[in-house]
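Novice: From just these sequences and the hints, can you work out the full model?
Residue numbers for the sequence shown follow my numbering, so the first one is 667 and each next one is one higher.
This list has only true hints and no planted wrong ones.
The calculated lysine-lysine pairs, modelled on DSS-like cross-linking and capped at a C-alpha distance of 30 Å, are:
| id | residue 1 | residue 2 |
| --- | --- | --- |
| 1 | 1111 | 1122 |
| 2 | 889 | 995 |
| 3 | 833 | 811 |
| 4 | 1062 | 995 |
Derived by calculation from the structure, the hints in this document are not laboratory data.
Since the model is a prediction, treat every value here as computed from it, not as a measurement.
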Amino acid sequence: MTFLVLCFPVRAESSSTGQIPLTLEILQEKVKNPVKQDGFYFIDLQNFIIDLQPEQVEFSQQFYQQIQAALNPSEKSEDTVGLNLSNSLIKGDFIGSKIGVRVPLLKETFLSVFSADELKILTSEQSQLSLRNQSPENTAVTIPKITVIRGRFKCKDTEFQGNIDFKKAFFIRGLDAQEAIFSQKTNLNETIFNEVANFNNAIFKDKSNFSYAIFLSPAKFNKTNFQGFINFEDSHFNEVSFNQAHFQEFANFKSITFDGETDFSESWWQGRTVFSKSNLSHSISFQQAIFEESVDFRDTRFNQGLSLREASLQSAIDFSDAGFGRLTKINFSDFMFDSNSAQIMGDPGIIGTVISVKTLQGNENLLRNLIQNFRQQEQIEDANKIEYLRAQLMLKQFKRNIFGVDLNTASMSRLIYAGFTREQANEILNLRIKQPFRNLTEILKLDKIDLATYIKVYDRVVANRYQGEQDKDTKTGWKKVVFDNYIIPLFNSINTALHWLELSVLLLLSGYGTRFELVAGVGIVAIAYFGLVFWFVDRVRRQHPTPILPTSSETIWMLTSYGILTSIGLTQIFRGSSHPILTLLCLAVFIVPIPGFLVGFLYYRGRHHNLLDSSYLTEDASQRQLRLMIGRLPLMPRFIFFRDRYMPILWDRGWSWLNYYDFSLNNFLKFGFNDLRLRDEHLPGIIANLVWYQWSLGVLYLILIFWTLSRTIPGLNLLIYLK
667 MTFLVLCFPV RAESSSTGQI PLTLEILQEK VKNPVKQDGF YFIDLQNFII
717 DLQPEQVEFS QQFYQQIQAA LNPSEKSEDT VGLNLSNSLI KGDFIGSKIG
767 VRVPLLKETF LSVFSADELK ILTSEQSQLS LRNQSPENTA VTIPKITVIR
817 GRFKCKDTEF QGNIDFKKAF FIRGLDAQEA IFSQKTNLNE TIFNEVANFN
867 NAIFKDKSNF SYAIFLSPAK FNKTNFQGFI NFEDSHFNEV SFNQAHFQEF
917 ANFKSITFDG ETDFSESWWQ GRTVFSKSNL SHSISFQQAI FEESVDFRDT
967 RFNQGLSLRE ASLQSAIDFS DAGFGRLTKI NFSDFMFDSN SAQIMGDPGI
1017 IGTVISVKTL QGNENLLRNL IQNFRQQEQI EDANKIEYLR AQLMLKQFKR
1067 NIFGVDLNTA SMSRLIYAGF TREQANEILN LRIKQPFRNL TEILKLDKID
1117 LATYIKVYDR VVANRYQGEQ DKDTKTGWKK VVFDNYIIPL FNSINTALHW
1167 LELSVLLLLS GYGTRFELVA GVGIVAIAYF GLVFWFVDRV RRQHPTPILP
1217 TSSETIWMLT SYGILTSIGL TQIFRGSSHP ILTLLCLAVF IVPIPGFLVG
1267 FLYYRGRHHN LLDSSYLTED ASQRQLRLMI GRLPLMPRFI FFRDRYMPIL
1317 WDRGWSWLNY YDFSLNNFLK FGFNDLRLRD EHLPGIIANL VWYQWSLGVL
1367 YLILIFWTLS RTIPGLNLLI YLK
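Specialist: Rendered as structure tokens:
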């Protein structure tokens, strides 16, 4: 038996795989008797060993001649015959141009060779074939040629042991190469696929060239294994799927065009990958993809979304000079930085705006890594955009915890109000009796709840609102029931509400410490407002019996300056805030109600005190200089020698209205041109309360502005955040 195996290795291989050598007699019989499969006629060469090696010159010539004659009859015909090489073993090089009809790109030639349906396909705008007219200048040497494969070509589970050459071929009826093995180089350069090209589960062991290829119909490369260099440069895809594809070497997708949905989910990239200068018209997904080397998206145009959800990166991904549509986002949810060298690169001020993370839960580490990634590259603006995104997600989570419907306590009607159907709500009620929900994703385990329902109710429901382990040794009883079910939830609700309120204020007034222009605008509006209030309180004293009122020119100067300063502040707010109206409402809550009440009560009660014709404001008359007054308090010192230096401000000067802005600046920013303070004699308590209120707001504002500066000044930023 061993002797037979050694002497007849082909027979041994044939017996183990069911393949038999193809002879000329069998070939002639197969060519004369096409078999109908899946509604089409094929020359059935399945389960054969086809030897096209140089030693078999005569067989190779006969093989190509007979196949070409059968696939390309001399007369025009609408019914074409395909070639089926499934489950066969091809030894030697396989030359695609020898099984198709090779024609020059001349209109006259096309009209004489191809049928009406074939002409319609070949001359369509999508095929991008430039046909020429017959003329003396167009000689046979200068006119480019193309190989047209008129019938369907199937090589499912076929092993090609030699090189494959389909350069400049046009597959009219598509190609089915599922589970095919390409052991040597594969050349499909400038090839056009009119119908579906299916390479699912195929293995390319050597270099593969698909450059300038055009896929007019969906292309399928699911679970395809590219063991060598793969080149798709300048190719054009309509719709393509590389789901679970494996790229072991350098993958070149440079200058590629995707005109349809593109799926690279669960793909594995072991070599460097280039997508630079490509045009992605539709969404592209790299969900759960693994990148072990660098990925280059430089100068690529993204017209729709890019998904990197649950993808893993071990090197760098570069979006420099990339163009993004107005609504284009890159979904980084659950993205993983799997090495210290992993980093995201892109144009400063742009890449941060297109990064999207859907939820805070499960993405806390990702957001921290993204922030640190951009701070290491000194892209502070992008790092701040991620900070702002994280704060927004945190705000949504707080809101959900406060207002969301708790799956473990909600009634049937509340669950239906949240978006569940009656059947789904009933299933939730039955399950939570046995085991309370600890995570919102647990509802996906229920038979009647699908992903669409989960997405719909995500922002409206919450599971296990207040997590925490309970002491098992705690005695049961009505006190415990009241404490656990009412007291603890109440305090937790209050605590969550306070955090939500604090975060909302920080987002509206400073962009969570990421937008200095917004903070500056808020400060300008507040300083101008309090300056006007102080001027009004100090200058508009009474109408009768003796008027104590400002002059008309002073009033005009004050109101005009207030309008100018407020306009400058509003401009900054509208430029820096994502929700400027809400920002103004939030600011108004701090500066309008309490000062408005105090001023209204002051005029309602009236003023009857000494020194009524003298200003409430005093200035240090011993010197005039620009001062930083961090520790200054708004009241005049009591010590007698200091009191001698403070004198009431002058009312009879044309510039006296500036003192009120200076006083407001002193109070709010602890910075000013004069040391202005309130007198401590014959001073209504309401005015003192008003001044102290602004001073307190100024302390909070200084904290806010220094916090914002610490996150927006690059040097200080790096000192704080870098490891």
